[in-house]
Amino acid sequence: MNEFLSQIDWEGMGVAIQETLYMTIVSLIIAVIIGYALGIILYLTKEDGLYPNKVINKILDFIVNLFRSIPFIILILLMIPITYFILGTMLGATAALPALIISSAPFYARMCMVAFNEVDKGTIEASKAMGASTYQIMTKVLFPEAKPALISSMTVMGVSLVGYTAMAGCIGAGGLGYFAYTYGAVRDNMTIMYTATFLILVIVFIIQGIGDYVVRKVDKR
Amino acid sequence: MIELKHITKIFHTQKGDIKACQDVNLTIQNGEIFGVIGYSGAGKSTLVRIINQLETQTSGDVIIDGENISQLSASALRFKRMKIGMIFQHFNLLWSRTVQKNIELPLEIAGLDKETRKQKAKELIELVGLQGRENAYPSELSGGQKQRVGIARALANDPTILLCDEATSALDPDTTEQILDLLKTINKQLGITIVMITHQMEVVQKICHRIAVMSDGYVVEEGSVKDIFEHPNHEITKRFVRDIASKVDDDKMNEDLKKIYPNGILLRLTFDEEISRLPIVSKVIKETDLQISIVSGNLTNTIDSSFGVLIVNILGGDEQSYADIIQKFKDYKVIVEVI
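Taken in order, these protein sequences are the chains called A and B.
Start counting the first sequence at 72; every next residue gets the next number (our numbering).
Start counting the second sequence at 32; every next residue gets the next number (our numbering).
Because the hints were derived from the structure by calculation, they are not lab data.
Treat the hints loosely; a few may be bogus.
Claimed, not checked - Taking lysine-lysine and the BS3-like style, the derived pairs with C-alpha atoms no more than 30 Å apart in a straight line are: (1) A:218 with B:153; (2) A:192 with B:359; (3) B:46 with A:211; (4) A:288 with B:46; (5) A:125 with B:153; (6) B:114 with A:288; (7) A:218 with B:145; (8) A:291 with B:46.
As the list claims (entries may be wrong) - Quick partial rundown of chain A residues pointing at chain B, CB under 10 Å, derived from the structure: (9) 128; (10) 129; (11) 194; (12) 196; (13) 203; (14) 211; (15) 215; (16) 256; (17) 258; (18) 259.
Just so you know, even glycine gets a beta-carbon here, dropped at the ideal spot from N, CA and C.
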């Protein structure tokens with residue numbers, strides 16, 4: 072056991088965990104904010120929405136679909152010049168953020184739209200009949216009623232972001248994926264591979280666990 | 032007073048235009064319980080939504096207490112809507128809020144402070160009889176309780192009008208009865224005008240003062256419940272009245288009766304209010320040699336009157352004597368229909 076553990080550079084592993092968490096959490100937060108905004112616009116502007124606008128809806132829908140369709144590993148390569156322009160480097164955890172956000176925000180926008188669409192139209196109608204403004208409908212009806220779906224899709228996105236960070240790791244973003252690749256795969260050290268994989272799984276399970284718990288708490292249906 | 036003037040609503044769909052309302056003219060008095068009855072697709076749900084402008088009419092005017100609400104600005108319309116409560120077939124409660132918070136929602140929308148909201152919600156919970164369930168979530172309530180929450184919520188901002196869109200259609204008969212009683216009480220206590228949309232004749236029969244019958248977007252008949260029940264003119268109305276009188280498809284029932292009573296003639300006698308308590312049948316029996324046997328009977332009570340339907344089989348005579356007996360019933364002002 073000692074021999075097994077001594078093969079690992081624990082200090083490096085610690086840094087890798089931090090980097091993975093940093094990339095996941097920061098990109099999750101920013102992607103959720105952007106995704107919310109896009110999701111609301113998509114929901115409001117749809118044909119039978121509260122502010123129907125075909126042009127905006129179609130354009131946004133196209134952009135969202137476009138970025139959702141590009142495979143992440145390709146997107147991260149396409150993003151290199153932009154990342155370099157913004158951050159002056161293409162290496163390190165922060166450099167992975169633009170690609171992570173751009174790939175996950177449209178995904179979350181779509182999930183938000185689905186969540187809002189699933190809110191009972193009757194409750195929206197009822198609140199209109201009560202004299203609610205669009206802003207009141209959104210804050211008092213739409214968000215609270217869509218909350219479980221919004222949180223569970225946040226969970227799904229968090230889990231897939233952990234996977235994306237590992238991919239980003241392979242091209243120099245750091246984190247557990249990078250650690251597993253450079254010290255495990257390249258140097259043929261299976262111990263490091265397994266340990267890194269195990270740690271990624273732990274992070275995924277924790278995210279999933281928290282998400283499920285919160286959904287159970289807020290869902291009163 | 033709600034005045035609907037030449038209301039027409041056309042939905043443009045890919046399959047062509049749907050005329051949901053066609054030149055509808057109705058006047059609903061303050062404090063009245065007004066029923067709009069029709070089969071699904073008749074346009075009654077659209078009509079009720081035009082009253083609070085959830086749907087905007089293609090042409091025509093909606094005038095509430097002298098104010099043309101089709102011409103109101105968006106914010107003025109929102110204030111107007113606060114004074115028009117609405118309840119729904121599927122209740123449309125927010126599952127994320129407790130009973131109390133659901134009832135407080137319209138008060139939040141109206142911008143009332145927390146204390147006032149709490150106080151008002153408490154009164155409403157008592158009014159609809161949901162004491163002790165304040166902190167329950169809708170998922171923990173029965174259908175009848177949910178509709179009570181819906182009613183309390185609709186009454187929160189002291190509206191002068193309550194719109195009911197198939198409010199009892201998702202409820203069982205007992206619960207329907209209770210909800211109707213509650214609506215009747217509210218109408219009496221608060222003097223609120225109630226507009227009820229329904230496809231259930233027993234609903235309008237039980238609580239409505241006046242009704243309009245809708246078919247294919249048109250109002251085909253309008254009047255007091257008593258008049259409509261006793262003298263239905265339009266085919267649709269007759270179907271509704273028959274539905275309630277016999278609860279069976281009439282043609283089929285007639286066929287069945289003829290098979291069971293192949294001899295003599297079968298008559299459907301309708302006794303309206305004034306004569307329903309007179310011993311007409313026994314008088315006619317005494318005046319004739321024919322044999323009369325009663326096949327079925329039904330007495331229907333509306334809010335302000337009652338009328339009876341009696342089906343009789345008459346035996347032992349010829350054409351002439353049958354014609355005589357029919358005339359005798361008619362002399363007593365009985366409405367006679369030969370089956």
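A quick look at each hint next to the structure:
For a cut-off of 30 Å, the pair hint linking residue 218 (chain A) to residue 153 (chain B) stands: about 27 Å separates their Cα positions. With a CA separation close to 59 Å, the supplied pair residue 192 (chain A) and residue 359 (chain B) exceeds the 30 Å bound. Our distance criterion of 30 Å between C-alpha atoms is broken by residue 46 (chain B) and residue 211 (chain A), whose separation comes to about 36 Å. Using a Cα cut-off of 30 Å, the hinted pair residue 288 (chain A) and residue 46 (chain B) is violated, with the two alpha carbons roughly 45 Å apart.
The hinted pair formed by residue 125 (chain A) and residue 153 (chain B) fails the criterion: a straight-line CA distance of about 45 Å is larger than 30 Å. Annotation: proposed proximity of residue 114 (chain B) to residue 288 (chain A) is violated, straight-line Cα distance about 35 Å (limit 30 Å). Distance check on the hinted pair: residue 218 (chain A) and residue 145 (chain B) sit about 24 Å apart at the alpha-carbon level, within 30 Å; holds. Taken as a hint, the residue 291 (chain A) and residue 46 (chain B) pair is broken in the structure, with Cα atoms around 40 Å apart against an allowance of 30 Å.
Hint on residue 128 (chain A) is violated. Least Cβ distance to chain B is approximately 18 Å, over the 10 Å limit. Because the closest C-beta pair between residue 129 (chain A) and chain B is about 18 Å apart, greater than 10 Å, the hint is violated. Hint status for residue 194 (chain A) relative to chain B: holds, with the closest Cβ pair at about 5 Å, below 10 Å. Annotation: interface hint on residue 196 (chain A) holds; nearest CB of chain B at approximately 6 Å, less than 10 Å.
The criterion of a C-beta within 10 Å of any C-beta in chain B is met by residue 203 (chain A), whose closest approach is roughly 5 Å, and the hint holds. With a least beta-carbon distance of about 6 Å to chain B, the hint placing residue 211 (chain A) at the interface is held under the 10 Å criterion. Because the beta carbon of residue 215 (chain A) sits about 4 Å from the nearest beta carbon in chain B, less than 10 Å, this interface hint is met. Taking 10 Å as the C-beta contact cut-off toward chain B, the hint placing residue 256 (chain A) at the interface is violated, the least distance being around 47 Å.
Below 10 Å, beta-carbon pairs count as interface contacts, and residue 258 (chain A) has none with chain B, the closest being about 53 Å; its hint is therefore violated. Interface restraint check: residue 259 (chain A) against chain B, minimum CB-CB distance 54 Å, threshold 10 Å, status violated.
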